[in-house]
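Colleague: Take the sequence shown: its letter number 282 is residue 282 in our numbering, and every next letter is one higher.
Warning: the hint list may mix true and false statements.
Claimed, not checked - In silico SDA-like links for lysine to any residue, alpha-carbon gap of 20 Å or less:
1) 502 x 315
2) 341 x 309
3) 556 x 478
4) 51 x 61
5) 319 x 309
6) 486 x 530
Stated by the list, open to error - Each pair of labels, with its calculated beta carbon distance range:
7) 489 x 284: 35 to 43 Å
8) 402 x 26: 38 to 46 Å
9) 555 x 402: 16 to 24 Å
10) 375 x 52: 41 to 49 Å
11) 412 x 42: 43 to 51 Å
12) 42 x 434: 28 to 36 Å
13) 400 x 178: 48 to 56 Å
14) 67 x 400: 54 to 62 Å
No wet-lab data here; the hints were simulated from the structure.
This structure is a prediction, so every number in the text was calculated from the model and none was measured.
For each residue, glycine too, the CB sits at the ideal point set by N, CA and C.
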Amino acid sequence: MPLSRALGNVWPASSLLPAPARLPMSQNPYELDLDRNPANHQPLSPLSFLKRAAEVYPQKTAVVHGSLRRPYAELYARCRQLASALSERGIGLGDTVAVIAPNTPEMLELHYGVPMVGAVLNTINTRLDAAAIGFILDHGEAKFVFVDREYSSLVKDALALAKVRPLVIDIDDPEYDGPGERIGETDYEAFIAKGDPHFNWHLPADEWRAISLNYTSGTTGNPKGVVYHHRGAYLLAMGNIVTAGMTGNSVYLWTVPMFHCNGWCFTWSLSVVAGTHVCLRRVTAANIFNAIAAHAVTHMAGAPTVMGFLVNATEEEKKPLPNTVHYFAAAAPPPAATIRKLEAQGFNVIHVYGLTETYGPAVVNAWHDEWDELETEKRSEVKARQGVNYAVLEGISVRDPETMEEVPRDGKTIGEVMFRGNVVMKGYLKNPTATAEAFAGGWFHSGDLGVWHKDNYIQLKDRSKDIIISGGENISSIEVEDTLYKHPDILEAAVVAKPDEKWGETPCAFVTLKKGSTLTEQDVIDWCRANLAHFKCPKTVIFTDLPKTSTGKVQKFKLRDEAEKL
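Take the sequences, apply the hints, and build the full model.
Modeller: This is how it looks when you write it as structure tokens:
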């Protein structure tokens, strides 16, 4: 076929002449006297979203928490007060400010106030144990740590183990009525009261500067510090708005922890359209349905755990939905049956996929209208696929990690899922080796194994790093195995993911006991609970001889098959 016809134009083939010689860039008229300057080039940062929302919609409700209603003008002023108070205490460019708290207004304000002074926000998983938190505080060199009263005992123990001595500020949420002492110098309200609500903050001089630090479990016990930059946070926040179809009438319910990938960047997304944040301190079926009914929630997100709360809710807990609620489902691939049940209740499931290293969700199962006509089970199977890249992610690919060649798009050939673009992390803090490995060949290696379908949609099949995703949180199987091996009666152990309706996945331990041992399943679980954060502990223990290759390597794929049958 002539090239002119293939291109769909009407020019004669003879008009397709060779391109003229190119001018050197120094002589190219598009590069002469057209330099960047403050008028035509500003660094991208999600901080600009809040400033605009406060100026355009000052009285629009930004935050709902219990009886609290806070408009955008007040939210912006409080963030500036926080930034001012931090600045007065010497916090500035490159300093780390940590926080351990649930989804409260203070957590939201820290996402703006901390980077307003050039500092880096480190949100810490509240489900970790004291040793892990102590490691994170030391590794991130925290100068400040804000602590919700519910977690004061945990943080007190962590600080006793840590080498750093950060200044501690208490968060005393009026919606919390449980135990917990104050361990800080002062409380949050008193601290920001000393700040200036008109504080003159600035955008970062360079959008590549760090905005946040998030720790993720790797294949070793100690977590790795994932560094986000302002540009990536800006783009992913905007990508959420586009992907979710959010508008100024959007009401977002906080069921994803704000400590997890900065709440998948929805902490910054809502300011783009001046939407409303509905904080939810404790995620239960009853609390979710009550919040949806009371505030006409339009969007929410969560791991399979939250989906399980909704589909397994009792009749007393359920309430009719006032409108369609768009649910962003991520973490472990949701079972097709769960999607069917959720959509039957009035939720629209939007399946997304990503990692801490990609600012949260960066891949979406972009829906086609014609798929609505599919038979229910087939429709759910299609929706369970991970999908295609967000508009703000430049590339998603499935490749052979050794050759870096793309795998065929046949839905069968397994390769490693890889990412490329501006919503990929800067790298791992103080870990150049891990950073170089992650970016080998010019792509971010996710460690997830999947296939590529002929319609360009990817689908996960396995995890090469043996990471277990339980309730949206990563668990290192090696860390659990190390704990098991420390028991005097355990000869060998291997841990794999077992599908779970509530949590998505839970750790399943296969254990070989030493001769004469009378260890029971509960004994093993109790041992792990005494030495690990409870969410990392096996929920199932199988006593057996481990299958191995001729070289002695445990064949985990066989164990996964066994776990799926349980």
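Colleague: Indicate, hint by hint, whether the structure satisfies it.
Modeller: Hint check:
With a C-alpha separation of about 18 Å, the suggested pair residue 502 and residue 315 falls inside the 20 Å cut-off, and the hint holds. Distance restraint check for residue 341 and residue 309: the Cα-Cα separation of roughly 12 Å lies within the 20 Å cut-off, and the hinted pair is therefore satisfied. Using a Cα cut-off of 20 Å, the hinted pair residue 556 and residue 478 holds, with the two alpha carbons roughly 12 Å apart. For the hint linking residue 51 to residue 61, the alpha-carbon distance of about 15 Å falls within 20 Å, and the restraint holds.
Straight-line distance between C-alpha atoms of residue 319 and residue 309 comes to about 13 Å, which keeps the hinted pair within the 20 Å bound. Pair hint residue 486 plus residue 530 holds up; C-alpha atoms about 12 Å apart against a cutoff of 20 Å. In this structure the hint that residue 489 and residue 284 lie 35 to 43 Å apart at CB holds, the actual value being about 38 Å. For the hinted restraint 38 to 46 Å between residue 402 and residue 26, the CB-CB distance of approximately 41 Å keeps it satisfied.
Take residue 555 and residue 402: their Cβ atoms lie about 21 Å apart, and the range 16 to 24 Å holds. For the pair residue 375 and residue 52, the supplied restraint of 41 to 49 Å holds, since their beta-carbon distance comes to about 45 Å. With their beta carbons about 47 Å apart, residue 412 and residue 42 fall inside the hinted range of 43 to 51 Å. Under the hint 28 to 36 Å, the C-beta atoms of residue 42 and residue 434, about 33 Å apart, fit the expected range.
The given range of 48 to 56 Å is respected by residue 400 and residue 178, whose C-beta atoms sit roughly 51 Å from each other. Range check, residue 67 to residue 400: about 56 Å between beta-carbon atoms, so the 54 to 62 Å window is met.
Violated hints for the displayed structure: none, as all numbered hints are satisfied.
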